[in-house]
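The primary structure of each chain is shown beneath.
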Amino acid sequence: MKTLPPDLQELLARCLDSGAAADWQELHSKLADERVHPDLLEAYAETCALHHDLRCILNGGANDDAFLRGVESALDGDRKNSGRFVLDVTSRAHEGLLKQAKTQRRPNLLRIAAVAAAAIVLLVAGAYMLRGPAQSAVIGRLVHATPDLKLTRGSTVRAAAAGESLLADDLLQNGTSGDVAEVELDERATLKLATGARAGFPANKAYSVELTQGLLSASVGPHAKDHPFVVHTPNADAEVLGTRFSLDVTAAGTRLNVYESRVRLRRDADPTGIVVEAGFAAEARPGTQLVAVPIPVDLAATFQNGRDGYSGTREANITTQNAEFTNGNGKTQFEGDDQLLCNFKEYECRFLIRFEGLSLPANAKVESAQLEIDLENWSATNSLQGAYLNVPWNLKAREMDGLGWLHRDDGVDWSAPGAGDANKDRIPGAAPKIPTLGEANEVRIRIPLDASIVQRWIETPASNSGVIFWLAHRGDQLRFHTTDAPEQNRRPSLVIHYSVPAGTPVPDAHRNQF
Amino acid sequence: MSAELLVRAQGGDRAAIAAIVTEHQRVVRSYLARLSPDPATADDLAQDVFLEAFQVLQRIDPNRDLRSYLLGIARNRARMAWRKQYSRREVTGDALFEALETHAIALPSTEQLDQRLDDLRACLARLAPKALQVFRLHYRDELRCDEVAERLNMTAGSIRSILTRGRDALRQCIETRAGEAAAP
Chain A
1 MKTLPPDLQE
11 LLARCLDSGA
21 AADWQELHSK
31 LADERVHPDL
41 LEAYAETCAL
51 HHDLRCILNG
61 GANDDAFLRG
71 VESALDGDRK
81 NSGRFVLDVT
91 SRAHEGLLKQ
101 AKTQRRPNLL
111 RIAAVAAAAI
121 VLLVAGAYML
131 RGPAQSAVIG
141 RLVHATPDLK
151 LTRGSTVRAA
161 AAGESLLADD
171 LLQNGTSGDV
181 AEVELDERAT
191 LKLATGARAG
201 FPANKAYSVE
211 LTQGLLSASV
221 GPHAKDHPFV
231 VHTPNADAEV
241 LGTRFSLDVT
251 AAGTRLNVYE
261 SRVRLRRDAD
271 PTGIVVEAGF
281 AAEARPGTQL
291 VAVPIPVDLA
301 ATFQNGRDGY
311 SGTREANITT
321 QNAEFTNGNG
331 KTQFEGDDQL
341 LCNFKEYECR
351 FLIRFEGLSL
361 PANAKVESAQ
371 LEIDLENWSA
381 TNSLQGAYLN
391 VPWNLKAREM
401 DGLGWLHRDD
411 GVDWSAPGAG
421 DANKDRIPGA
431 APKIPTLGEA
441 NEVRIRIPLD
451 ASIVQRWIET
461 PASNSGVIFW
471 LAHRGDQLRF
481 HTTDAPEQNR
491 RPSLVIHYSV
501 PAGTPVPDAH
511 RNQF
Chain B
1 MSAELLVRAQ
11 GGDRAAIAAI
21 VTEHQRVVRS
31 YLARLSPDPA
41 TADDLAQDVF
51 LEAFQVLQRI
61 DPNRDLRSYL
71 LGIARNRARM
81 AWRKQYSRRE
91 VTGDALFEAL
101 ETHAIALPST
111 EQLDQRLDDL
121 RACLARLAPK
131 ALQVFRLHYR
141 DELRCDEVAE
151 RLNMTAGSIR
161 SILTRGRDAL
171 RQCIETRAGE
181 AAAP
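Protein chains in written order, with my numbering: chain A, 1 to 514; chain B, 1 to 184.
The set of hints was computed from the structure by calculation and includes no laboratory data. The structure presented is a predicted model; accordingly, all values stated were derived computationally and were not measured. Each residue gets a CB set at the ideal place from its N, CA and C atoms; glycine is no exception. Do not rely on the hints blindly, as some may be mistaken.
Below, simulated DMTMM-like cross-link-like pairs (lysine to aspartate or glutamate); rule was C-alpha separation at most 20 Å, straight line [said to hold, decoys possible]:
| hint | chain 1 | residue 1 | chain 2 | residue 2 |
| --- | --- | --- | --- | --- |
| 1 | A | K192 | B | E52 |
| 2 | A | K192 | A | E239 |
| 3 | A | K30 | A | D64 |
| 4 | B | K84 | A | D23 |
| 5 | A | K396 | A | E376 |
| 6 | A | K30 | B | E101 |
| 7 | A | K433 | A | D450 |
| 8 | B | K84 | B | E52 |
| 9 | A | K30 | A | D7 |
| 10 | A | K30 | B | D94 |
| 11 | A | K331 | A | E356 |
| 12 | B | K130 | B | E147 |
| 13 | A | K396 | A | E372 |
| 14 | B | K130 | B | D141 |
| 15 | B | K84 | A | E26 |
| 16 | A | K433 | A | E372 |
| 17 | A | K433 | A | E399 |
| 18 | B | K84 | A | E442 |
| 19 | A | K396 | A | D413 |
| 20 | B | K84 | B | E98 |
| 21 | A | K30 | B | E98 |
| 22 | A | K331 | A | E442 |
| 23 | B | K130 | A | D450 |
| 24 | B | K130 | B | E111 |
| 25 | B | K130 | B | D114 |
| 26 | B | K84 | A | E376 |
| 27 | A | K365 | A | E376 |
Not the full set, but computed from the structure, chain A residues with beta-carbon under 7 Å of chain B [stated by the list, open to error]:
| hint | residue |
| --- | --- |
| 28 | D17 |
| 29 | G19 |
| 30 | H28 |
| 31 | S73 |
| 32 | A74 |
Covered stretches of chain B, going by a simulated chain A footprint (3 or more residues, C-beta under 8 Å) [as the list claims (entries may be wrong)]:
| hint | stretch |
| --- | --- |
| 33 | 34-42 |
| 34 | 69-78 |
| 35 | 115-125 |
| 36 | 132-141 |
| 37 | 166-172 |
Can you make the complete structure from the sequences, with help from the hints?
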C-alpha cells in the first residue's frame, strides 16, 4: 500500500480539515518538490478520493441527492432573486384586482383591503425599480456575441460581450457580420439572433421578447399554459408553451417556422389566431389570412474530422521559432498533437487550416459558412486576425526547406515570409471577421466566412487553400485545438448553409433548423 | 441506456436529465476527487461538468459514449482548476495535474466503484467505536477537527491523528478485500 510520508500525511489531514488555501498550496508545493514521485501522487489521489467516498457514505446518500438538486437548481436559475419575479407577482395581483373590479361582487371593505394590498405591492415594486439601472433585474446572459452585436441599456449603446448578463429592458441588435448571436434567458429559453435581428426584453412583460426586426430562432422549455413564453412582433404575437421555432420579421410581415411541438400565432385583428404544428410555417402579413404551410427545407453540411466519416481537415503552425537553425524557415508544427501552440511572446506564429474534400449536392448554392475553432487563450487583450490564403501549401513538405515561415512547399517560397503578402499569398480585399476572444480561457469562436469564397472552394477544389490566423499584437500564448483533439466537439469544424433547386436529393444529415 | 436517456433529455425531458446525473455522477465525482486540487472543489467541478454538457445537449451525438464525453469535460475542468489556483507563470498547477493524470488515475468502472463503496462500508464497521464516532462527527455532521475535539473533550491534533490512522486502516482494509475478491 502506498502511503504518504508522515509530514505530508499530517499536512493533508490539516488541509482536509480546514480547507484553507494556504495549507493546500503548501501541500501541492511539497508534492511538486518531491518531483512528483508516482507513489506519492497515487497516495495523495487515493486519500482525496477516500475522503470524498467517506462523505458520501456517512451522509447516507444525502450527498448524492444534494448534488442532483444542485445541478437541477443551477439549470433552472434562481428566479426568486430576480426582479422579474417581483414584477410578475405584481402583475398577477393587479390582474386579480381588475377582475374583481369588473365583477363588483365584493363587499367594499374587501375591495378597499385588496386595493390597499395591491398598492403596497406596487409601491414595493416601484421602489425596487426606482433604485436605478444598477438594480435592474438580470434576465439571462449572452452566450455568444457576434463581432458587431450592439447592446442598448438605458441611453447607452455599446458592443456586447459573450458571457455578460442581460438585464430587463435591454435591447440587442445584431450587425451584418453573418454570425449568429446566442442568448440564454432564465425563463428556460435559448434564443439565436441572425444577421440584422433586433430583440428587446421588456421589463413590464414577463416571459416575453419583442422582436422588431430580423430572424430569431428559439428553443423554449416547458411553460405553464397561463404563463406562455411570448414573442411580440409588429404583425403578430407567438405564444409558446415549450418548443423550438424561429420567427423572421421583415418589412412585409412576420414568418413563423415551428420545428417541435406547437405555437399559437395571433394578432389584434385575429385574436384567436392559428396553432402552427411542428414542420409547418405561417406568415402574418397585413390583409392576408393566417395559414399554416409546410416549412421549406433549410440545409447545412458540417465538415469536422470524425463526423460522418469526414477526415479532410489539414492544419499547421508556421513560426519563426529556431529560425537561426533552419535558414530562417523556423519550426513548423504539424498534426499529431491535440493542440497547436503559439507562444507569440517569443516568436512569430501563424495558424493555417483548410478543409479538403468539401462536397455538396449538385447545384448547391452556399448561403453562408462558418468556421468554428476551439482556442485556449490566456490574455484578455489577445486579438485574432485572419485572411483567406491564395496559394497552396504542402503539409507533406517536412524537410528543412519544406512548409515553414519562408516556404510553402519544397523549394517554393511564400511571396513574403509568413504568408505575409496581402495581395499574393492572401486573397486581396477579403478577410474573415473574427469575434473578440474575451476573457474566457477556453473558448470556441465562430468565424463567418465569405460565402462566395467557400462556393469557389467547392466548385474548384484547387483554389481551396484555406485560412490563416495570427494575433494582431504580440501578446500571450494561444493554443488551437486541432483535429487530433480527443473530444470531437473541440475539433475545428466548417458549417456550410446552402440551398438547392426543388427536388434535388440531399443527405438527411444536411437537413438543418436554424 | 445512456443513449436512450440522452435522446429523451435532448427532447426536453427533465426526468431524463436527472437520470443522466444519477447514472454518471458517481464516476464523474470520483474521478474529480482524485484529479482536483482539493476534494472540496471536486463536487463543484462535477456540477459544472453536467451543466456544461446540458448546455450543449443538442450537439451531443447519442451514439457516443456519454460517460467518456463527461469525463473529457471533467478532465478539462480539473486542468483549468489547477491553473486557476496557481498563477500561469508557475508550473506547479500544470505539472501536478499532468503527473496526477499520468500516475494516479486508474479510473474504475461503475461496478468497481460500487464494489469499492461496499467494501468501504464493511471496513467502516470494523473501526474502533471511538474512531467511528470521530468519523461520523467529521464526515456526516461536517464538524471541523477542533469542533469534534471540543465535543469529545480531546485535542484537535488527536482528532486529526485518529482520522489519518483511520483512513490508512480503511484503505488497507479495502485493498485486502479487493485482493481477496480477485484471488482465484
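| query | Is the hint on A:G19 kept, meaning its closest Cβ partner in chain B is under 7 Å away? | reply | 5 Å, holds
Exercise. Holds or violated: the stretch 34-42 of chain B covered by chain A, criterion of 3 or more residues with Cβ-Cβ distance under 8 Å?
Worked result: Coverage by chain A holds for the stretch 34-42 of chain B (8 residues, Cβ < 8 Å).
* To do: Compare the distance between the alpha carbons of A:K365 and A:E376 with 20 Å, and conclude whether the hinted pair is satisfied.
  => Given that 20 Å is the threshold and the Cα spacing comes to 34 Å, the pair is violated.
Checklist entry - Hey, A:K30 versus A:D7, does the alpha-carbon distance stay inside 20 Å? => result The given pair, whose Cα atoms are some 10 Å apart, holds under the 20 Å limit.
Does A:D450 sit within 20 Å of B:K130, going by the straight-line distance between their CA atoms? Outside the cut-off at roughly 73 Å; violated.
Does the alpha-carbon distance linking A:K30 and B:E101 stay inside the 20 Å limit? 18 Å, holds
*Is the hinted pair A:K331 and A:E442 satisfied, with a Cα-Cα distance of at most 20 Å?*
Outside the cut-off at roughly 25 Å; violated.
Next pair to validate is A:K30 with B:D94; report whether the Cα-Cα distance is within 20 Å. 15 Å, holds
- Message: Hinted pair, alpha-carbon criterion (20 Å max): A:K30, A:D64. Please report holds or violated.
- Response: 33 Å, violated
- Task: Sort out whether A:D450 lies within 20 Å of A:K433, counting only the CA atoms.
- Result: 9 Å, holds
Classify the hint on A:D17 as holds or violated, based on whether any CB of chain B lies nearer than 7 Å to its CB. With a closest approach of 4 Å, the A:D17 hint holds.
- prompt: CA of A:K192 to CA of B:E52, is that 20 Å or under?
  reply: Answer holds: A:K192 to B:E52 is near 18 Å, not above 20 Å.
Of the hints listed earlier, those the structure fails to meet are numbers 3, 5, 11, 13, 17, 22, 23, 24, 25, 27 and 31, in rising order.
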